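Participant: Can you build the whole structure from these sequences, using the hints too?
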Amino acid sequence: MSIHRSQANRVLLLLVVAVGINYIDRGLLSVSAPVIQQELGLSATKLGVLFSAFFWTYASFQIVAGWIVDRYPLKWVYAAGYLLWSLATAATGVINGFTQLLATRLMLGIGESVAYPATSKIIVREFPEAQRGFANALVDAGSKIGPGLSTLAGGLLVNQYGWRALFIGVGAASLLWLLPWALWTTATPARDARTTTSSPTLLQILARRESWGTYLGMFALGYVWYFLLSWLPSYLVKERGFSLSSMAVLGSVPFWGMAAATLIGGWTSDAWIRSGGNPTRVRKTYLAGGLLLCGAAMIPAALVSNGSVSVALLTASCLMLGLYTSNVWAVTQTLAGPEAAGRWSGIQNAIGNMGGVLSPVITGWVVESTGSFLLAFLLAAGVLVGGACCYLFLLGEIKPIAWGIENS
Numbered sequence: 000m001s002i003h004r005s006q007a008n009r010v011l012l013l014l015v016v017a018v019g020i021n022y023i024d025r026g027l028l029s030v031s032a033p034v035i036q037q038e039l040g041l042s043a044t045k046l047g048v049l050f051s052a053f054f055w056t057y058a059s060f061q062i063v064a065g066w067i068v069d070r071y072p073l074k075w076v077y078a079a080g081y082l083l084w085s086l087a088t089a090a091t092g093v094i095n096g097f098t099q100l101l102a103t104r105l106m107l108g109i110g111e112s113v114a115y116p117a118t119s120k121i122i123v124r125e126f127p128e129a130q131r132g133f134a135n136a137l138v139d140a141g142s143k144i145g146p147g148l149s150t151l152a153g154g155l156l157v158n159q160y161g162w163r164a165l166f167i168g169v170g171a172a173s174l175l176w177l178l179p180w181a182l183w184t185t186a187t188p189a190r191d192a193r194t195t196t197s198s199p200t201l202l203q204i205l206a207r208r209e210s211w212g213t214y215l216g217m218f219a220l221g222y223v224w225y226f227l228l229s230w231l232p233s234y235l236v237k238e239r240g241f242s243l244s245s246m247a248v249l250g251s252v253p254f255w256g257m258a259a260a261t262l263i264g265g266w267t268s269d270a271w272i273r274s275g276g277n278p279t280r281v282r283k284t285y286l287a288g289g290l291l292l293c294g295a296a297m298i299p300a301a302l303v304s305n306g307s308v309s310v311a312l313l314t315a316s317c318l319m320l321g322l323y324t325s326n327v328w329a330v331t332q333t334l335a336g337p338e339a340a341g342r343w344s345g346i347q348n349a350i351g352n353m354g355g356v357l358s359p360v361i362t363g364w365v366v367e368s369t370g371s372f373l374l375a376f377l378l379a380a381g382v383l384v385g386g387a388c389c390y391l392f393l394l395g396e397i398k399p400i401a402w403g404i405e406n407s
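Quick note: the sequence shown, position 21, residue 20 per numbering that gives the first Met the number 0, numbers continuous.
Because the hints were derived from the structure by calculation, they are not lab data.
Just so it is clear, the structure is predicted and the values come from calculations on it, not from any experiment.
You may find that some hints are simply not true.
Listed below are the simulated DSS-like cross-link pairs for lysine-lysine, each with C-alpha atoms no more than 30 Å apart in a straight line [said to hold, decoys possible]:
{"no.": "1", "residue 1": "LYS237", "residue 2": "LYS45"}
{"no.": "2", "residue 1": "LYS283", "residue 2": "LYS398"}
{"no.": "3", "residue 1": "LYS398", "residue 2": "LYS74"}
Distance ranges between label pairs, derived from CB positions [stated by the list, open to error]:
{"no.": "4", "residue 1": "GLY275", "residue 2": "THR98", "range": "54 to 60 Å"}
{"no.": "5", "residue 1": "TYR160", "residue 2": "GLY276", "range": "46 to 52 Å"}
{"no.": "6", "residue 1": "ALA164", "residue 2": "GLY240", "range": "22 to 28 Å"}
{"no.": "7", "residue 1": "LEU205", "residue 2": "LEU391", "range": "18 to 24 Å"}
{"no.": "8", "residue 1": "PRO179", "residue 2": "ARG280", "range": "34 to 40 Å"}
{"no.": "9", "residue 1": "TYR160", "residue 2": "LEU205", "range": "46 to 52 Å"}
Ideal placement from N, C-alpha and C gives every residue a C-beta, glycine not left out.
Facilitator: Rendered as structure tokens:
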């Protein structure tokens with residue numbers, strides 16, 4: 000998908016918007032959960048299953064999506080996935096029970112599975128090493144603005160119009176994105192002369208120690224990110240006593256902070272590399288440092304008695320996590336190169352989102368068993384420490400892998 004620079008920038012803008020919509024759609028259930036739980040009579044455990052169900056298909060289809068984007072035109076692959084997830088969002092507004100809601104969550108996961116493998120493939124081809132931090136940070140900012148909007152606007156709209164109108168309206172409006180995508184992108188085949196002769200096999204990717212460093216590190220992000228994305232609204236309403244409208248405002252603040260932090264992290268890391276910084280040292284500093292500092296702020300957020308202070312500490316935690324997310328995909332793209340970016344990204348996102356499968360269910364069980372979120376926060380902090388260790392000890396030098404030499 001070799002395209003002119005101005006067109007590449009337009010496509011990057013569309014990717015940022017798409018990932019924002021992606022996260023709005025998946026986050027609507029979380030912000031609507033207090034109302035849906037009461038209307039449908041769902042237990043905390045069933046609600047945790049619904050949060051988790053999205054990741055059953057989203058995680059498992061990542062590998063398939065990575066394989067597809069390495070072989071077929073990205074324009075139509077992405078469009079098909081986007082269409083499916085938008086229709087699944089709209090369909091959620093007309094369901095009448097747990098089983099139907101479960102089905103729409105599974106459909107949503109299948110559709111959204113294409114987003115990150117395709118995005119990673121585009122960025123690695125069109126942006127050099129010293130520009131990938133900020134390019135990825137822009138996409139990542141979209142993934143944080145999305146939850147911020149779904150929490151803020153979604154909470155206010157649910158309070159005003161009800162949760163069904165929210166899902167139907169957002170799902171239908173999302174389809175408008177397909178128009179500029181069809182006009183601004185080309186249907187160039189995913190594989191070109193640079194990748195057909197040196198593309199590694201799936202087993203060769205899995206055999207690399209570096210790949211497992213990125214996979215397990217991503218698992219830590221997935222566990223903590225979806226813990227916050229799924230349960231933060233319920234935590235603020237049930238444990239901190241905020242009203243639905245107050246939750247909508249305060250609950251969105253950590254996501255706005257994370258969006259700002261990821262842009263700052265992407266820009267500063269690229270600037271550091273352009274000024275002569277070693278890419279390995281730069282990327283590892285942001286990865287491990289971001290995870291550790293996130294955990295350090297998360298523990299006191301659960302311990303303080305004042306709700307506003309807790310929100311402030313959660314915001315600080317998300318700021319630190321934003322430094323991590325600004326660089327995580329740049330590392331993968333550098334290591335994998337255009338030859339393997341789709342499949343490596345697909346596997347990484349699959350394993351990362353296993354955290355999304357586990358954390359909502361584990362959190363629901365912990366809250367129902369203990370009557371508190373404290374243990375859930377402590378578990379999340381422990382996972383962050385483990386993820387930092389994976390980046391420090393499993394990743395070696397961050398430089399392109401010579402797949403052609405390995406395969407010859």
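Participant: Look at each hint and say if it fits the structure.
Facilitator: Status of each hint after checking the structure:
{"no.": "1", "hint": "LYS237 / LYS45", "result": "holds (17 Å)"}
{"no.": "2", "hint": "LYS283 / LYS398", "result": "holds (12 Å)"}
{"no.": "3", "hint": "LYS398 / LYS74", "result": "holds (28 Å)"}
{"no.": "4", "hint": "GLY275 / THR98: 54 to 60 Å", "result": "holds (58 Å)"}
{"no.": "5", "hint": "TYR160 / GLY276: 46 to 52 Å", "result": "holds (50 Å)"}
{"no.": "6", "hint": "ALA164 / GLY240: 22 to 28 Å", "result": "holds (27 Å)"}
{"no.": "7", "hint": "LEU205 / LEU391: 18 to 24 Å", "result": "holds (21 Å)"}
{"no.": "8", "hint": "PRO179 / ARG280: 34 to 40 Å", "result": "holds (39 Å)"}
{"no.": "9", "hint": "TYR160 / LEU205: 46 to 52 Å", "result": "holds (47 Å)"}
Hint violations for this structure: none, all hints satisfied.
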